[in-house]
Amino acid sequence: MIGREIHAFAESIWGFNRSITGNGVRETLNSIKSIIPELKIRSVPSGTLAFDWIVPKEWKVSKAYIITPEGKKICDFQKHNLHLVGYSVPFSGTISLTELQDHLYSIPEQPDAIPYITSYYKERWGFCISHNDRLSLIDGNYHVVVDTELFDGFMNYGELVIPGKSPNEVFLSTYICHPSMANNELSGPCVLTFIARHLLTSAKSNYTYRIIFIPETIGSIVYLSKNLSKMKKRVFAGFNLTCIGDNRSYSYLPSKSGLTYSDRVAVHVLRFTDPNFVSYDWTDRGSDERQYCAPGVDLPVASLMRTKYGAYPEYHTSLDDLKKVVTPEGLQGGYLLVLKVLQAIEANACYKSKILCEPNMGKRGLYPTILQNKKGADVSRMMNVLSYCDGSFDLIEIAEILKTPIWKLYDTINTLLEHELIALNCNDKSK
Amino acid sequence: MIGREIHAFAESIWGFNRSITGNGVRETLNSIKSIIPELKIRSVPSGTLAFDWIVPKEWKVSKAYIITPEGKKICDFQKHNLHLVGYSVPFSGTISLTELQDHLYSIPEQPDAIPYITSYYKERWGFCISHNDRLSLIDGNYHVVVDTELFDGFMNYGELVIPGKSPNEVFLSTYICHPSMANNELSGPCVLTFIARHLLTSAKSNYTYRIIFIPETIGSIVYLSKNLSKMKKRVFAGFNLTCIGDNRSYSYLPSKSGLTYSDRVAVHVLRFTDPNFVSYDWTDRGSDERQYCAPGVDLPVASLMRTKYGAYPEYHTSLDDLKKVVTPEGLQGGYLLVLKVLQAIEANACYKSKILCEPNMGKRGLYPTILQNKKGADVSRMMNVLSYCDGSFDLIEIAEILKTPIWKLYDTINTLLEHELIALNCNDKSK
Amino acid sequence: MIGREIHAFAESIWGFNRSITGNGVRETLNSIKSIIPELKIRSVPSGTLAFDWIVPKEWKVSKAYIITPEGKKICDFQKHNLHLVGYSVPFSGTISLTELQDHLYSIPEQPDAIPYITSYYKERWGFCISHNDRLSLIDGNYHVVVDTELFDGFMNYGELVIPGKSPNEVFLSTYICHPSMANNELSGPCVLTFIARHLLTSAKSNYTYRIIFIPETIGSIVYLSKNLSKMKKRVFAGFNLTCIGDNRSYSYLPSKSGLTYSDRVAVHVLRFTDPNFVSYDWTDRGSDERQYCAPGVDLPVASLMRTKYGAYPEYHTSLDDLKKVVTPEGLQGGYLLVLKVLQAIEANACYKSKILCEPNMGKRGLYPTILQNKKGADVSRMMNVLSYCDGSFDLIEIAEILKTPIWKLYDTINTLLEHELIALNCNDKSK
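Protein chains in written order, with this note's numbering: chain A, 1 to 431; chain B, 1 to 431; chain C, 1 to 431.
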């Protein structure tokens, strides 16, 4: 079961201190490369300009904790990397509880959860703590150690281009900047790693696949600043994979227009995967599709998800774990969804009947020779597919008309091709 | 009442042994020709190629029956032509009940019905029998006589082209290959015969009418193989008439796209004829529209029906009769539906107002000269029609906007034409 | 409160005997000119041809009344100008009650109401009377005095063109031919007078405003006959203002197609002004939009209303007054509706993001620097507006997508312009 394999991989990279830069990102990328050795790990220096942005300094954490008046060590970064506010600047000193409170973050409504807080673009230090622990703090002097460094280093990301028969590209993106949380966001990189492995170990695809593992926002902006003109020429379908590992629902967030080829394929697959999938709209966005569909960028990128960021209670807290939230079943469902979408893209094409009027199916053994009232569902499906093979309907359109998933038509198409009743009319939906 | 006349004609041709070829077809066509002498009866030799098909041998039945062990003659073709499986090959011999059972067809759920079975393209013989009769058969030897012939002869069909002012054509098709059954299918040829008589005896139409009486499937394929390029140039509307003689419902099966001119006219007329008419879709098809709308053929042909084949319990059995199922009322309704559709096609056109702003209707006696709160429905309708006579809306569109059947606008248009308030802008919807 | 000011103005012109011609029209136009001195008062001679129509003779009333057998003066035009049928020809004489009845108009269902009746294009005289008064008439001789004149004079209307930065025009029309009735129709001219005053006293608009005060039907036809070719070039939005002074509902009657720019703006504004606004269709029309949208005229003109003519019980009777029916609140709502529509037209434009990908909003102080789960509604709105500023969506489309009225976006757009994050892409929706 592939879901178990993905889950085990997620566990193996759980503890790395991922952020938008730093060692945790490199450790994560190296682990992914151990599964898909073709991955290129790219480095972009701090200070690099990318459109309206600057690649920030690299962040390094040596240690971070607080000693209470009772001498207890709390908020220890070694125990949970969520305890330290992301991109905290160095600090060391003894301060009162009152002063400390200004640097603490907790969630009163979720008293056992450590929240996830970052401050990438303004210098700050801070600690995240469960609200119950915070309430138990007593007056007195607290010794605070934030032993971090912000220095000119690199921002890293992973890139993999798998050539297909056509140079036209399917683009897949996920992000590797979140520390120890499971659905948002170990699920995306883990599922995408195994999707990439599948593509690398299968026969050559019809299309080229461009796959990236990046830090969110700054990573996608930097990647676009380097690749946009090429991508605008080649990318005809693309997906952001995020929150794709829990087993509670399937969710979809469309491209800005909602009318791209990506949207058409994904909505078709989702409808037949889970008729109750949750359909968001563009104003609900919150991940890298913000960049991919920005004005002037306008790539056909939508988001495939299980339960969306912000839509589940454990989101952005220590409760988003690999035990209760992200499961082998959840990851398997996410993986299969992505696979079915890619297979639909690979298979979708327009065919054209080679014969005027209905062919004589009986003489080919494809039709009952005695006419009674009912013919079987297979024969009906074949005659319906034939009827729409006029060169103008693609397989997804035919499947939608027949209220059946496209994957139920793969055999029918093969039979019709074998009997030379249809021929490929066009298979490149990117034009 | 025209329904009675059509019903009497149906009774007069009830007993002929119609099939895709043979004497029964010729007898039927000759009877039709007695009503519309302009009909041409065409002959196509067995073995003729038509696209993917070959015109089969002609089938002739001399006699067919079974003698039971008790010496009783059963399944006698003379008594009901449904008893013999269509296109049965010759056979004569004495066989056991067990052997005989392999050649018997009955319907356990309809124990009094003789089913309708054919085997045109694989050599077989067989008998159709009511299930009750079948259950009463005893063990013993059965003497079977199937005195038939399959020989190089002809496939026949009837064709009638009625020239109109325009060479653009309305195409009407029905089929004459079903033996003694009433709704499916004596109703189609009988209604179409009287529609043709009406057209032949009326003033010259705006459009040319191409009317054919053919055996289903092979007949339409052969006809298309001879006439397709001409028809693709000229036919702008067309209908398959089938199952149009019972009085239970009105039904509609669209062209493949559902968006042709035929669909637009027919749906408008049906909606105002019976708001509860049954609307099928293309995947429910099962008659000659399969050929007329096949890829590459793509004629604008839809099916006008009362209760559709497969949708009534007596379908394809001896219960589909001229007593309980097909009635004068049912045939009359079908006839009037077709007539209203043709009249709508004849009348539909775009008109253009000849005057800028509203005309002064009062000075023409077309408007009340004293302004009180309410004007009549006629005046309202006239002002509305005038408002849409801008050269872009055709009468069907105007009728749809006004939620009224097109036939309620015929008088209004005539009044506006007489007062020279509007002029014809275009009347050829085939372009 | 502007509603009170408009209401006071309506009271000041209440008693004038408005009709399609005559002194009452001139007195009304002069009163309007006292508020907007830039108004031009135009005169068109009787007998002037305009398309299918002729400007009628001017109508003058000196006095009109009836003396009952008891010597009581009734139906006195001096007391209420509705008593005299509009355009009554002169008559003086003594007639029986039976003869008189042919010249009396009343409404049995509204026994206290004097109805509003006219006979512009056929010579008649008549009196309107409450049904209760009519029932109390006794047998005997009635002395009738209709001291009127129909003579070659003028038809008058008011015209005001307020130049904007663009020569493209917004057209506003209302009618001044109804005697003493309030919603239909003192409300339209009174609201439009104050809209014109607002435009004249504000900074120069983006667009030019063409504003007319005309007699209904003959006035709009005459106006079009003089201005049509110019208007067809320039007018990209227009509204007929009628029945816009009661406080019971908001109503909308679209242009003929319902798809013009006027329709798009007005429906947007109405939806956010009153989600329960009453939406009529073109077949419900009854005012000058009949001419403005006539075939060949085809101007983008729709009607903005409070409670539509014909849709309230006091319509076209003496009950349509300035006390119960038309109120300061009602007029204020109508005025603000028109103003919001005009402001939306002025503000609507397409903007284009000046930066590829999302801008770094944090460094501009437009985004929280610490990333917690929720950002505010203002930030969300700004990011959404930015996302749709791709040069193709106009502000109304963006507002519709964001389910917010356009006026909530004005500040957002200003902020984005100030920070040079967007630039105007096009603002002329008339092309």
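Rather than coming from a laboratory, the hints here were simulated on the basis of the structure.
Treat the hints loosely; a few may be bogus.
If several chains are the same, the list does not tell them apart, and a pair holds so long as it fits within one copy or across any two.
[As the list claims (entries may be wrong)] Result set (SDA-like, lysine to any residue): computed pairs, CA atoms no more than 25 Å apart in a straight line: (1) K408 to Y280; (2) K233 to K354; (3) K403 to Y280; (4) K72 to S202; (5) K232 to A311; (6) K324 to I67; (7) K408 to T283.
Do the hints match the structure? See the list:
1. K408 to Y280: between (27 Å within a copy, 23 Å between copies)
2. K233 to K354: between (33 Å within a copy, 22 Å between copies)
3. K403 to Y280: For K403 and Y280, both the intra-copy (23 Å) and inter-copy (15 Å) Cα distances are at most 25 Å.
4. K72 to S202: Neither: 55 Å inside a chain and 69 Å across chains, both beyond 25 Å.
5. K232 to A311: Neither way: K232 and A311 sit 32 Å apart in one copy and 53 Å across, limit 25 Å.
6. K324 to I67: For K324 and I67, neither the intra-copy (31 Å) nor the inter-copy (77 Å) Cα distance is at most 25 Å.
7. K408 to T283: between (34 Å within a copy, 16 Å between copies)
Violated hints for the displayed structure, listed by number in ascending order: 4, 5, 6.
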